[in-house]
Structure formats: structure tokens, C-alpha cells
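Chemist: Taken in order, these protein sequences are the chains called A and B. For reference, each letter of the first sequence is one residue, going 1 to 254 in this note's numbering. For reference, each letter of the second sequence is one residue, going 1 to 384 in this note's numbering.
Don't take every hint at face value.
Claimed, not checked - Here are the computed lysine to aspartate or glutamate pairs in the DMTMM-like style, where the Cα-Cα straight-line distance is at most 20 Å:
id	chain 1	residue 1	chain 2	residue 2
1	B	Lys152	A	Glu61
2	B	Lys132	A	Glu68
3	B	Lys4	A	Glu129
4	A	Lys151	B	Asp171
5	B	Lys94	B	Glu34
6	A	Lys151	B	Glu25
7	B	Lys4	A	Glu130
8	B	Lys132	A	Glu65
9	B	Lys4	A	Asp133
10	B	Lys152	B	Asp190
11	B	Lys159	A	Glu65
12	B	Lys4	A	Glu82
13	A	Lys170	B	Glu177
14	B	Lys159	A	Glu61
15	A	Lys170	B	Glu22
16	A	Lys170	B	Glu34
17	A	Lys151	B	Glu333
18	A	Lys170	B	Asp282
19	A	Lys25	B	Glu41
20	A	Lys25	A	Glu82
21	A	Lys170	B	Asp171
22	B	Lys132	A	Glu61
23	B	Lys159	A	Glu68
24	A	Lys151	B	Asp178
What the hints assert, rightly or not - Short, incomplete list of chain B residues facing chain A, as computed with Cβ under 7 Å:
id	residue
25	Gly9
26	Gln156
27	Val173
28	Gly284
29	Asn285
To be verified - Estimated spans, in silico, between C-beta atoms of each pair:
id	chain 1	residue 1	chain 2	residue 2	range
30	B	Gln3	A	Ser81	38 to 46 Å
31	A	Glu191	B	Glu209	57 to 65 Å
32	B	Pro18	A	Asn10	33 to 41 Å
33	A	Glu107	B	Glu99	48 to 56 Å
34	B	Arg31	A	Glu107	43 to 51 Å
35	B	Asp178	A	Glu240	37 to 45 Å
These are calculated hints, taken from the structure and not from any lab test. Just so it is clear, CB atoms sit at the ideal spot from N, CA and C, and this is done for glycine as well.
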Amino acid sequence: MTSIEEVFENGEAFMPFTVGGYPDKEASKEIVQALVDNGADIVELGVPFSDPMADGPTITEADMEALEHDVDADDVLEVASEFSDTPIVLLAYANTVRRYGYEAFFEAAEEAGVNGLIIPDMPPEMYREEIGDIETDVNQIFLIGQNTPEKRVEEIGELTEGFAYIVAVKGTTGARSSFSDQTQELMEKTEGLKVPRCIGFGISSSEHAEKALESGADGVIMGSAIIDAYSDEGLEGVEELASEVSETVGGDRS
Amino acid sequence: MEQKTEFGGKYVPELLVPVLEELEEEFEEARNSEEFKQEFERHLNEFAGRPTSVYKAENLSERYGAEIYLKREDLLHGGAHKINNTLGQALLAKKMGKERLIAETGAGQHGIATAMAGAYFDMEVEIYMGRKDVERQKMNALRIEKCGAEVKPVDQGAKTLKDAVNAAIQDYVANSEDTHYLIGSVVGPDPFPEIVRYFQQVIGEEAREQFLEREGELPDALVACVGGGSNAIGLFHEFIEDEEVAMYGAEAGGNEDGNAASISQGEVGIFQGFKSYFLQDDSGNIEEAESVSAGLDYPGVGPQHSVLSEMERADYFAVNDDAAMKAFTDLSETEGIIPALESAHAVALAKELADEHDKILVNLSGRGDKDMHTVAEVEGLDFD
Numbered sequence: 001m002t003s004i005e006e007v008f009e010n011g012e013a014f015m016p017f018t019v020g021g022y023p024d025k026e027a028s029k030e031i032v033q034a035l036v037d038n039g040a041d042i043v044e045l046g047v048p049f050s051d052p053m054a055d056g057p058t059i060t061e062a063d064m065e066a067l068e069h070d071v072d073a074d075d076v077l078e079v080a081s082e083f084s085d086t087p088i089v090l091l092a093y094a095n096t097v098r099r100y101g102y103e104a105f106f107e108a109a110e111e112a113g114v115n116g117l118i119i120p121d122m123p124p125e126m127y128r129e130e131i132g133d134i135e136t137d138v139n140q141i142f143l144i145g146q147n148t149p150e151k152r153v154e155e156i157g158e159l160t161e162g163f164a165y166i167v168a169v170k171g172t173t174g175a176r177s178s179f180s181d182q183t184q185e186l187m188e189k190t191e192g193l194k195v196p197r198c199i200g201f202g203i204s205s206s207e208h209a210e211k212a213l214e215s216g217a218d219g220v221i222m223g224s225a226i227i228d229a230y231s232d233e234g235l236e237g238v239e240e241l242a243s244e245v246s247e248t249v250g251g252d253r254s
Numbered sequence: 001m002e003q004k005t006e007f008g009g010k011y012v013p014e015l016l017v018p019v020l021e022e023l024e025e026e027f028e029e030a031r032n033s034e035e036f037k038q039e040f041e042r043h044l045n046e047f048a049g050r051p052t053s054v055y056k057a058e059n060l061s062e063r064y065g066a067e068i069y070l071k072r073e074d075l076l077h078g079g080a081h082k083i084n085n086t087l088g089q090a091l092l093a094k095k096m097g098k099e100r101l102i103a104e105t106g107a108g109q110h111g112i113a114t115a116m117a118g119a120y121f122d123m124e125v126e127i128y129m130g131r132k133d134v135e136r137q138k139m140n141a142l143r144i145e146k147c148g149a150e151v152k153p154v155d156q157g158a159k160t161l162k163d164a165v166n167a168a169i170q171d172y173v174a175n176s177e178d179t180h181y182l183i184g185s186v187v188g189p190d191p192f193p194e195i196v197r198y199f200q201q202v203i204g205e206e207a208r209e210q211f212l213e214r215e216g217e218l219p220d221a222l223v224a225c226v227g228g229g230s231n232a233i234g235l236f237h238e239f240i241e242d243e244e245v246a247m248y249g250a251e252a253g254g255n256e257d258g259n260a261a262s263i264s265q266g267e268v269g270i271f272q273g274f275k276s277y278f279l280q281d282d283s284g285n286i287e288e289a290e291s292v293s294a295g296l297d298y299p300g301v302g303p304q305h306s307v308l309s310e311m312e313r314a315d316y317f318a319v320n321d322d323a324a325m326k327a328f329t330d331l332s333e334t335e336g337i338i339p340a341l342e343s344a345h346a347v348a349l350a351k352e353l354a355d356e357h358d359k360i361l362v363n364l365s366g367r368g369d370k371d372m373h374t375v376a377e378v379e380g381l382d383f384d
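Here chain A stands alone, though its shape is the one from the complex (with noise of 0.2 Å):
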């Protein structure tokens, strides 16, 4: 089973999101087998919740749909089973993950194969509050966006494990029409950081992709693109969307 260093080891990173469990248990593992066939290197899987606060309209809505179909934290975690060759990463937010216990959930995870994990609601302090003595394999993935001061972007890249998820945008998920001057000085301002760096929220196109890389990153997170491919045409449309980016992640540059 590759770990997420080993991933950087090998090159840059594509890293696409799916809602676990969208649009249903057995569509959703369709999905996550389309990606890895077309060059995900990690696949980010989102836990449904009620209140997606982070996530823009289009995961919003996928999670609902999830939930429609009783999707819960369990059935998540078997769709991570199914692919114990690519590392997954999970996102899930702080109620459902305290909800499950916070021990019991890493132990599933661990035992589902899962690599990281991403709490989006719960930055690093409340996370030293919350879960800080339980140890765990899998590796905490903590967020730095455009206005995380200069000393606070330092003790996030101290204590985020795998990689830092660099915040593209000042929002929320969702595809956005282009990639913005504040992403290339938030690169710049992390510049220091001895962890890889992926950046995520607003990657919509191969295009993204491509500045991304240019600007410095080490992998690049798609998600709402890829369920806006998906709800538009189907597996074909994921399969298409993820081979082009795949193959520009996996392009030179120069």
C-alpha cells in the first residue's frame, strides 16, 4: 500500500475529491474506480454532512443526495476499502468525526486503509483540544489560506502531516473561472514549508492545474469540477476530465 510520501516522492500529485457515497453506495466506488484508472495519484473522499460549511452549492448538493440514500461514515469507509492500492484521504466534518468517537474513527480508518484525514471545521487549536493526545497513522491535513498570517502559515506547516492544503480561494469549494494572483503570493508565502504542498477549492480545469504547478505546488485537489463532470455526463465525464488533468499533472514543465 503506497503512503502519501511516498506519492510526492514519485512527482506531483493529482488529487481528485468525490463525495463518498454520491450519488449512492455502489455509483459512488464507480466513481472512485473511474478516477484511479485515469491517473488520480490520491483520492480525496468527502464524508457527508448536513451542514457543509466549507463546501460550496455543488458538494453541498451532492452531500445531500448522499445522505438521501442513508449515506453515513461506515458506508464511506467501505468505499475506501475497495481501493487499498491508492491512498485516501478522507474529509469529514468535526460532528460526524466526534460523533463516531474520536478513536473508534481512526481505528475504522485505519483498518478501511485510509491515509489522511482532513476536518475542515477544526483548525489546529481546536484540534489540540479536541483529539490532540489519540494517536493515529493516519495523517492530519490541516488548511493555509490567503490570510493566515506569516507566523501561523509556520505552525501550520510544522504541525499538518503528508501535506499542507493550500487554499486557492477566499471561499468556499466550488469551480471558479480563473486562478487567481492571491493563490501565486500564498505560494510565494509558503515557500519555507518542509511538507508538500497541494492546492485546492476553485481548481476547475487542466488549465488550473497548470498554474497551479507553475506557481510551485506539489499536487493539485479537484472536486466540485469533477462531480459538475459527473451530474453533466456521467462516468465518460469524470474518466475525460480526470485523464486530461492526470496527464498535465504528469506533463513537464519547464
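Given the structure of chain A, go ahead and fit chain B onto it with the hints provided.
Modeler: Frame of chain A, contents of chain B only:
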């Protein structure tokens, strides 16, 4: 009892952390400034109509079998305690150099109070309101617009209050440079519960002084309705050290379709930036709240109430729709005061407590003109 759980906190996306830290600094500066305090007091007097009276409801007392006093927040501009908070936060936002206010609203009361404060301070205002609420509260949506604010319907999620909060948080993240999120109750991430408490504590400050002057002693018990919990905290705060004064929160017990009684029926969780009691399912997803009174219709409760409950300093009881409606009628008939349905829950709880306590001070958080359509519906009357 001691506090074991760390309620509250800042459970927010990273992008919001520096924004909240800045807000905290600005708030600390404001609360320590004599100038700010005096200005706030002036607005409360001139625009909102403070101070409000404490009044002994003789006829209601006779009906209930205890001495019932009412703190008349229903007499404020806008018809409820909400204006205390919106004036305070709008003033704070202005001090911070912000030009735009955003807020969430359920039935519309907080939206209206924010629109009023925005007009008064000449600021741009946008109010997020769940699409479902926009449709069932058309009049309130119109009131908000008439005060110069824009209503932004929210189509995500369940399209109600909690979704309006999510939308407001997202706007705040994107626009914090020129925008202040004027949250409506003692909920949300730190420092919001503290800020809202600060602007509402004038209720208890006045009430304590008024009661002592009038009666020569403190009340035996305080009762207030609890949705998010701002009017209750506003009343309770000044009395917390007065151990002989008991405190009671009336939550919305709803009906057989559901309730909004977060402390009585919920469990500890993390939601919309803070840790507190929430109505949730086994997977930690937040449930829809249900109550005849829209203002109590939030599936959570402010962290300060969770602390008071855990420390057993305050007790929280669910009051169902029927009991609230009965109390609504009691107060209207005996005293000629039509309470907001929210406040009627507190009046109903006071009735329950009449055996245990002699002098009960009830926070009459709002007046009920806004609720007459609901009352007509409940009673099967047809006006349209």
C-alpha cells in the same frame, strides 16, 4: 457542580480564524472604551427606547398563584430585545471601518432588527433567509426590504435558519474586509457568543437594579425563553453571582412532529463553529427544529447555556406548543399584553414554577403582533 466540557470554541474553516481574531481584538478595545459605551447607551436610549420597565402583572399573578413580574423588552423599537444586539454590533462594525452588514434570519425578526440598525447607521445590509422561510414569512421579508436591506434567499440544504447561517458564514469568509457578520444570538464561534451577551446584558443590569429598588430584595427566580439564548443570557448574566436567584430557560418543546429543545432533547456536538447541545441523529447530522414559534426554531443553543446547565446554575425545560399557546392567551387576557410566541414559552414555564417560587421575573422578550397569523392558523380561523 463544575464545568467539565469545553463548550464554545472556534470550530471554523482556517480562512475564518484570522477574521475572528481581529474581531476579538476590536471588540475588546470597544468594550474598554468609555466613548464606545456612552455612544451605545445613547443609541439604546434615543433609538431603541431603553430603559424598559419591570412591571408586576397583578392579574396574571392571581391566575398563576405566584408574584409574576415582567421585564418589558416587548416595548423596544422593533418589538423585541433583538435591537440591543443589532445596534451594538452595527456600532462595532462601524468602528472597525466596515460598510456592509450581513445577517442570518429565521422568521425575520433578527433580519428586521439588523435592517433597522443598518438604516440607522447608514450601512449596506444583506439578510440571508432560507427559501422556505422567505415563503412562509413574506411580510417580514417585505419589512426587511422596506428598511433598505436586501433579502437573499438560501436554496441550499433544508432552506431554513441553519442554512441561512451557513450562507452568512460563507459570505463572511469571502468578504470580511468590508463586511461584518451580525449574528443574531449567542451562538457561533468565539467571540460571537461573548459579543452578543455583552450587548444584551443591559437587560439584566437594568432589571436587577429595578427589582431591588421596587421590592427591596432580589427575585426568587428568573425565567426566559431559549432559542439561541440571547434574551435569556441578557437577563441572567447580571444575576449569576446571586446564588439564591434560580434561573430557568424555557425551550421550545414543539409538538409530536418535532421540537427545538436542544438542551432537554439534544446531545453535545460541534456545529456552526461552536460546541454545545444540538438536535442530531446518530451520525451527527443536525436535525431540523420544529416549533410554533419561529424564533425558537434553531436546532442548537448558545454555549453559555450549556455551561449553565452543566454547572446546574440554570435549569432548562421543554415547553410544548399547547402550553405556550395557553400562556399566550393568559397574558393577553389578564394583562392586555400580547406576547411574542417565543416569550409565551417563558410565561408558560413561570406558571409551572409558581408552586416553587414566590417572586418570579419573566423576560418578556418580545410582543406578539407578528404572530397573529400563526395564532389564527392554530385556532383554525380564516382571514385570507
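Chemist: Hint by hint, note whether the structure agrees.
Modeler: A quick look at each hint next to the structure:
1. B/Lys152 <-> A/Glu61: holds (19 Å)
2. B/Lys132 <-> A/Glu68: holds (19 Å)
3. B/Lys4 <-> A/Glu129: Holds, because 13 Å separates the two Cα atoms, which is no more than 20 Å.
4. A/Lys151 <-> B/Asp171: Between A/Lys151 and B/Asp171 the Cα gap is close to 26 Å, so the pair fails against 20 Å, i.e. violated.
5. B/Lys94 <-> B/Glu34: holds (16 Å)
6. A/Lys151 <-> B/Glu25: Holds, because 18 Å separates the two Cα atoms, which is no more than 20 Å.
7. B/Lys4 <-> A/Glu130: holds (13 Å)
8. B/Lys132 <-> A/Glu65: Measuring from Cα to Cα gives roughly 19 Å; hence the hint holds.
9. B/Lys4 <-> A/Asp133: holds (17 Å)
10. B/Lys152 <-> B/Asp190: Answer violated: B/Lys152 to B/Asp190 is near 25 Å, above 20 Å.
11. B/Lys159 <-> A/Glu65: At roughly 15 Å apart (the allowed maximum being 20 Å), A/Glu65 and B/Lys159 satisfy the hint.
12. B/Lys4 <-> A/Glu82: violated (41 Å)
13. A/Lys170 <-> B/Glu177: holds (11 Å)
14. B/Lys159 <-> A/Glu61: holds (12 Å)
15. A/Lys170 <-> B/Glu22: Given that 20 Å is the threshold and the Cα spacing comes to 17 Å, the pair holds.
16. A/Lys170 <-> B/Glu34: Since the Cα atoms of A/Lys170 and B/Glu34 sit roughly 36 Å apart, the hinted pair is violated (cutoff 20 Å).
17. A/Lys151 <-> B/Glu333: violated (63 Å)
18. A/Lys170 <-> B/Asp282: Judged against 20 Å, a Cα distance of about 33 Å means the pair is violated.
19. A/Lys25 <-> B/Glu41: violated (57 Å)
20. A/Lys25 <-> A/Glu82: Holds, at roughly 12 Å.
21. A/Lys170 <-> B/Asp171: holds (10 Å)
22. B/Lys132 <-> A/Glu61: Judged against 20 Å, a Cα distance of about 17 Å means the pair holds.
23. B/Lys159 <-> A/Glu68: holds (16 Å)
24. A/Lys151 <-> B/Asp178: violated (24 Å)
25. Gly9: Holds. Min distance 6 Å.
26. Gln156: holds (5 Å)
27. Val173: Since chain A brings a Cβ to about 6 Å from B/Val173, closer than 7 Å, the hint holds.
28. Gly284: holds (3 Å)
29. Asn285: With a closest approach of 4 Å, the B/Asn285 hint holds.
30. B/Gln3 <-> A/Ser81: 38 to 46 Å: Holds: the Cβ-Cβ distance is about 40 Å, inside 38 to 46 Å.
31. A/Glu191 <-> B/Glu209: 57 to 65 Å: Given range 57 to 65 Å: holds, Cβ gap about 59 Å.
32. B/Pro18 <-> A/Asn10: 33 to 41 Å: holds (35 Å)
33. A/Glu107 <-> B/Glu99: 48 to 56 Å: Since the Cβ atoms of A/Glu107 and B/Glu99 sit about 50 Å apart, the hinted range of 48 to 56 Å holds.
34. B/Arg31 <-> A/Glu107: 43 to 51 Å: holds (45 Å)
35. B/Asp178 <-> A/Glu240: 37 to 45 Å: Check passed, 40 Å falls within 37 to 45 Å.
Violation of the numbered hints given earlier is confined to hints 4, 10, 12, 16, 17, 18, 19 and 24; the remaining hints are satisfied by the structure.
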